[in-house]
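K.L.:
If you want the building blocks of each chain, they are given just below.
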Amino acid sequence: MARELYYHTLPARILHWINAANIGLLTTTGLYIRDPYHFPLFANMDIARKIHFIAMYLIIYGIVIRIYYSWVSKDYRELLFRFRDFKGFPALIRYYLFVSKTTPESGKYNAGQKLLYNAWAVLVFLQAVTGFSLYFPDALAGFVRALGGPVVLRQFHFILTWVFIVTVALHIYLSFLGGWSVIKSMITGYFPEGESMQPVSEDVEEVAEHCMKWH
Amino acid sequence: MANIDRRQFLKLCTASAAAVGLSQLWVPAIGEAYRKAAGGNPPIIWIQGSACNGCSTSLVNTVHPDMRELLSEIIDLSFHPGLSSGAGNLFIDGLYRIATENKGKFILVVEGAIPLAHKGALNTIGEDSSGKAVTLIDLLKNISGSARFIIAVGSCASFGGISAAEPNYAECVGLEKFIEVNKVINIPGCPPHPDWIVGTLAHLLLYGPPVLDDYGRPKMFYGGLIHNNCPRRQYFDNSIFAKNFGEDGCLLYLGCKGPLAHGDCPTRLWNSTSSWCVDVNAPCIGCTDPSFPDLTMPFYKRMPEIKGPGITSTADAIGIGLGVATAAGLGAHLAGNYFTGRIGPRKHKEEEDV
Amino acid sequence: MAERITIHPLNRGLRPLRLEVEAESGRITSARAGTTYYWDFEKTLRGKDPLDAVQITQRTNGLDFVAHTTASVRALEEMAGVKPPQNSVLCRNILLGLDIIYGHITHFYQTVVPDYVPFPPGGSSYGLPDLRINGEPAAKIQKNIWASFAARELIHRTMAVIGGKVPHICNVVYGGITYLVNSPDILKIQAILKDISRFITGEYADDLGTLENNYRDYFNIGAGAGNFLSTGEFTTGGPAGSLIPARALIGNKTVEVDKEMISMDCTGSKYKSLGPEGSLAAELEPVPDKPGGYSWVKGAVFAGTTCEVGALARMTVSGNPAIMGLGETAVSVLGRSRARFEECQILIARINGWLAQLLPDEEYALKSYVPEEGEAVGTAEASHGPVVHYVSVKNNKIHRYNVFDAFSWNLCPLTANRKNGPVEHALTGVAIAIPESPVEIYRVARSF
Ligand code: HEM
Ligand code: SF4
Ligand code: SF4
Chain A
-16 MARELYYHTL
-6 PARILHWINA
4 ANIGLLTTTG
14 LYIRDPYHFP
24 LFANMDIARK
34 IHFIAMYLII
44 YGIVIRIYYS
54 WVSKDYRELL
64 FRFRDFKGFP
74 ALIRYYLFVS
84 KTTPESGKYN
94 AGQKLLYNAW
104 AVLVFLQAVT
114 GFSLYFPDAL
124 AGFVRALGGP
134 VVLRQFHFIL
144 TWVFIVTVAL
154 HIYLSFLGGW
164 SVIKSMITGY
174 FPEGESMQPV
184 SEDVEEVAEH
194 CMKWH
Chain B
43 MANIDRRQFL
53 KLCTASAAAV
63 GLSQLWVPAI
73 GEAYRKAAGG
83 NPPIIWIQGS
93 ACNGCSTSLV
103 NTVHPDMREL
113 LSEIIDLSFH
123 PGLSSGAGNL
133 FIDGLYRIAT
143 ENKGKFILVV
153 EGAIPLAHKG
163 ALNTIGEDSS
173 GKAVTLIDLL
183 KNISGSARFI
193 IAVGSCASFG
203 GISAAEPNYA
213 ECVGLEKFIE
223 VNKVINIPGC
233 PPHPDWIVGT
243 LAHLLLYGPP
253 VLDDYGRPKM
263 FYGGLIHNNC
273 PRRQYFDNSI
283 FAKNFGEDGC
293 LLYLGCKGPL
303 AHGDCPTRLW
313 NSTSSWCVDV
323 NAPCIGCTDP
333 SFPDLTMPFY
343 KRMPEIKGPG
353 ITSTADAIGI
363 GLGVATAAGL
373 GAHLAGNYFT
383 GRIGPRKHKE
393 EEDV
Chain C
1046 MAERITIHPL
1056 NRGLRPLRLE
1066 VEAESGRITS
1076 ARAGTTYYWD
1086 FEKTLRGKDP
1096 LDAVQITQRT
1106 NGLDFVAHTT
1116 ASVRALEEMA
1126 GVKPPQNSVL
1136 CRNILLGLDI
1146 IYGHITHFYQ
1156 TVVPDYVPFP
1166 PGGSSYGLPD
1176 LRINGEPAAK
1186 IQKNIWASFA
1196 ARELIHRTMA
1206 VIGGKVPHIC
1216 NVVYGGITYL
1226 VNSPDILKIQ
1236 AILKDISRFI
1246 TGEYADDLGT
1256 LENNYRDYFN
1266 IGAGAGNFLS
1276 TGEFTTGGPA
1286 GSLIPARALI
1296 GNKTVEVDKE
1306 MISMDCTGSK
1316 YKSLGPEGSL
1326 AAELEPVPDK
1336 PGGYSWVKGA
1346 VFAGTTCEVG
1356 ALARMTVSGN
1366 PAIMGLGETA
1376 VSVLGRSRAR
1386 FEECQILIAR
1396 INGWLAQLLP
1406 DEEYALKSYV
1416 PEEGEAVGTA
1426 EASHGPVVHY
1436 VSVKNNKIHR
1446 YNVFDAFSWN
1456 LCPLTANRKN
1466 GPVEHALTGV
1476 AIAIPESPVE
1486 IYRVARSF
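Residue numbers (our numbering), protein chains in the order written: chain A, -16 to 198; chain B, 43 to 396; chain C, 1046 to 1493.
Hints listed in this document are in silico derivations from the structure and should not be mistaken for laboratory results.
Keep in mind that the hints are not guaranteed to be accurate.
Partial pick of chain B residues on the chain C-facing surface, computed with a CB cut under 7 Å [what the hints assert, rightly or not]:
(1) S100
(2) N103
(3) P107
(4) R110
(5) L158
(6) H160
(7) G168
(8) I204
(9) A207
(10) N313
(11) S314
(12) W318
(13) Y380
Every residue gets a Cβ at the ideal spot worked out from N, C-alpha and C, and that includes glycine.
Between the sequences and the hints, there should be enough to build the whole structure, so can you do that?
P.N.:
Here you go:
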């Protein structure tokens, strides 16, 4: 058996699945709240809303802890999308559009992944802003008004939901495309060496070691 | 006295300006007895802008107190277009005179929005004694500064309402966009409940301005969402929705805007507790909300539409479109992966080739 | 010596007016009557859900709003070719009837009376001349003004039981109504109707009598051209037809009204028609400084003539005996008030009848959809006169909407063939005693 690389630390994995569950619940309950007939996913409004209102707190905690963890474990070094990452895009796009055959070289995460994961933090923040304005229409009335009123916020909240759905779908698709090893790595933490979706450059291992210490 | 000839009339007009200015109202309240009862209370000047005047009609529906008590014992209504006997320039001059005499004291009530287009020429309310047309804007500029309090009655006066519905050719605005916001008390509603008007006036006279929310509405009436006090809330929570007119159940699917509109309709009830919108299976159309009617339309559909440059589409169409596009995109990509041999049986072949 | 008198505003009516008359030795030789504020929802309705028209157009007017709901849904129902259930027809009739009564009581006590009775009691009504009612009768009328407010509130209370809230009812929708009154509701309405009826047959009748006795001459003032129109109202679907026929009286000739014969004429108003010219479907462009335009009212004409509308027109075309009994003098300032009163009496009785006809367990709303495309005209009578709605629908959205109300008829601005509207007609020839306080003009113009 090939040597396995410790790829995802336990806290990262736990947080990943907590956040995934919350996003899943928020999206499904959200769709139900919007339109119970077309998205008959829950027994009734009461349950859907209660789940939504619990999960909305949890997703915020989840994201905040993930960011905190990223800071203490230093894995933001490979997660944070930086300006220079733009350089990685052309090759990546060529690869995804079947123009070039070779997987572009990058760090642990490629430019697209970084952008996506960072964007989710921003999206959750936006959902929290719009969502809490809907949740506290009186306490936040002035704020709601400044943002264009509840109707506008509700639409915005809903459109962002679809951004989540699309990006999460993309994420899941790419993970499956990566195969079982990719998915397994998020469960066990280990990823078979050599069988990478993208060639891993040197400094990743250093970070992985650092994480291991933490772990 | 009642029968006067021309000479006497002219004398009356010129010599006793005070009698003219005293009051223009023909309602019998305006006698000495009344003056004593409501004496000392700041007089109220009520003017109408771009509106259907349904707010005034609604005021007449006040029950406790009724119109008689209201006008003879509670408020000193000195001017109201529907109750004023003066016509023509007497109307305008009388209005100005009352305002001047009570400078800094009177309460100005405005019903209706203010059309700004064509410098206000789309709404001239009369002519003064010099024969000059007076626009609503002229009038407001002239007297609003000397009002002690200003009250916007109805959604038109508060936020523009129906008068300002897009495309808003007349460029109507609510009062707060016309004068400094902190001076205006908004009593929105299309029309507002008489209790909201009378109650606000009474509060103003007894205790000063009521506590207002961020939309300038008295919290005592607009403190809660319709939806939170709705008797059909159980139906909502249990997802029992009416789908056709005349059905029982929560009216969400028939377009109910109760979840966004503020007001105490479900508990106060309308027309001396006879009923209210949802009680007759009719959705709340959000008539007290600043977004009424532009964003609360369609009234009878769940989803307001999203307007973008060149597109008019429901949020769902956008959402579902995005979803379908994603599925199609990913599907195509998957196929691409398969045929280029990145995945599937050919994957190994390619590896063997290497 | 020619004299020009401008009255702006003439308040207390449905909407404020601007009147401009020319008088020659104390007699009016020509008159112009119009409104001075722009107000239309047609632009707003374009592109909207057809179902929304009922709510938006209702807000044309804070007094005659029920007629707008009715005309609006009737247009859509006609377009779809559906018949709303009997129960909903009856409920709409009741609401419309009550709204008409409301309009008449309001008109009498708020619009008319202050021009005849001194206010404050014993005062001079702000310097009006020719106030002939004094002492006891005047005091009674003054007292009844309060009673009229109470009666109005009662009418709205009964309407709210059916319509949810008033003003601006919420139960009338395309295909029927949203709520059918149950037995306790009906009992409540019947009980309140008794009070309303008492006020009408007691106080209202007395006060109108007082006015008539003191102002006999006003049965000979304010005649007009004598063309009348009613778009017909109050069918119950039965063989008897409608209570008020859709009929016009043009120069003593009776014509059955066909909606096709109604056309739009904006010659004297501040609109430019973008065509089709004269059609109810014409698109209008507001032109604030249009030469020759003096009013924001869109004119409506029937078979090319301007027609007087309202209670007098309805009572005339339906051959009401009391109005017929007045002969020539019916078409006058006080004839119009009398016609309003007669109509109130008829309607109160009918409303009780319609209530009794309701079948609480039967259907009251159709499960039907507005067609994707089409056009239609819906009409309904209001206290001041008929409301006409033109609607066309394209791709499930309103393409064009035009609203005409009583003002379009009675205040029809000068037409293309130089005809005056009924109010202008009625003003012409009226003698004025004191030009500084032309109470005669007030009385004539406010009689409509
Ligand atoms: C992060 C904090 C969030 C908060 C505070 C929040 C709060 C809310 C609230 C208050 C509502 C209105 C519920 C109602 O009116 O009954 C709502 C609706 C909804 N939420 Fe959230 N939410 C959050 C996150 C999310 C996320 C992450 C998603 C999806 C990815 C989401 C999707 C939805 C959807 C689709 C609706 C229905 C909107 C509609 O009715 O049009 N929410 N949310
Ligand atoms: S009917 Fe309207 S206000 Fe009442 S529960 Fe349903 S959505 Fe809320
Ligand atoms: S329930 Fe809604 S639509 Fe009805 S009056 Fe109250 S705020 Fe207006």
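K.L.:
Take the hints in turn and mark each one as holding or not.
P.N.:
Now for the hints, and whether the structure bears them out:
Restraint check, S100(B) versus chain C: the minimum CB separation of about 6 Å is within 7 Å; hint holds. A cut of 7 Å between beta carbons decides the hint on N103(B): the least distance to chain C is about 5 Å, and the hint holds. Hint on P107(B) is violated. Least Cβ distance to chain C is approximately 11 Å, over the 7 Å limit. Annotation: R110(B) was flagged as interfacial toward chain C, and the flag holds, the nearest CB pair being 4 Å apart, inside 7 Å.
Proximity of L158(B) to chain C is violated relative to the hint, the smallest CB-CB distance being about 12 Å (cut-off 7 Å). A cut of 7 Å between beta carbons decides the hint on H160(B): the least distance to chain C is about 5 Å, and the hint holds. Annotation: interface hint on G168(B) holds; nearest CB of chain C at approximately 4 Å, less than 7 Å. Checking I204(B) against chain C: minimum C-beta separation of about 5 Å stays under 7 Å; hint holds.
Hint status for A207(B) relative to chain C: holds, with the closest Cβ pair at about 4 Å, below 7 Å. A hinted interface residue such as N313(B) counts as satisfied when its beta carbon comes closer than 7 Å to some beta carbon of chain C; here the least separation is about 3 Å, so the hint holds. Against a cut-off of 7 Å between C-beta atoms, the interface hint on S314(B) holds, since the closest Cβ of chain C lies about 5 Å away. Checking W318(B) against chain C by beta carbon gives a least distance of about 6 Å; that is within 7 Å, so the hint holds.
Violation of the interface hint for Y380(B) is found here, the shortest Cβ-Cβ separation to chain C being roughly 41 Å, above the 7 Å cut-off.
Violation of the numbered hints given earlier is confined to hints 3, 5 and 13; the remaining hints are satisfied by the structure.
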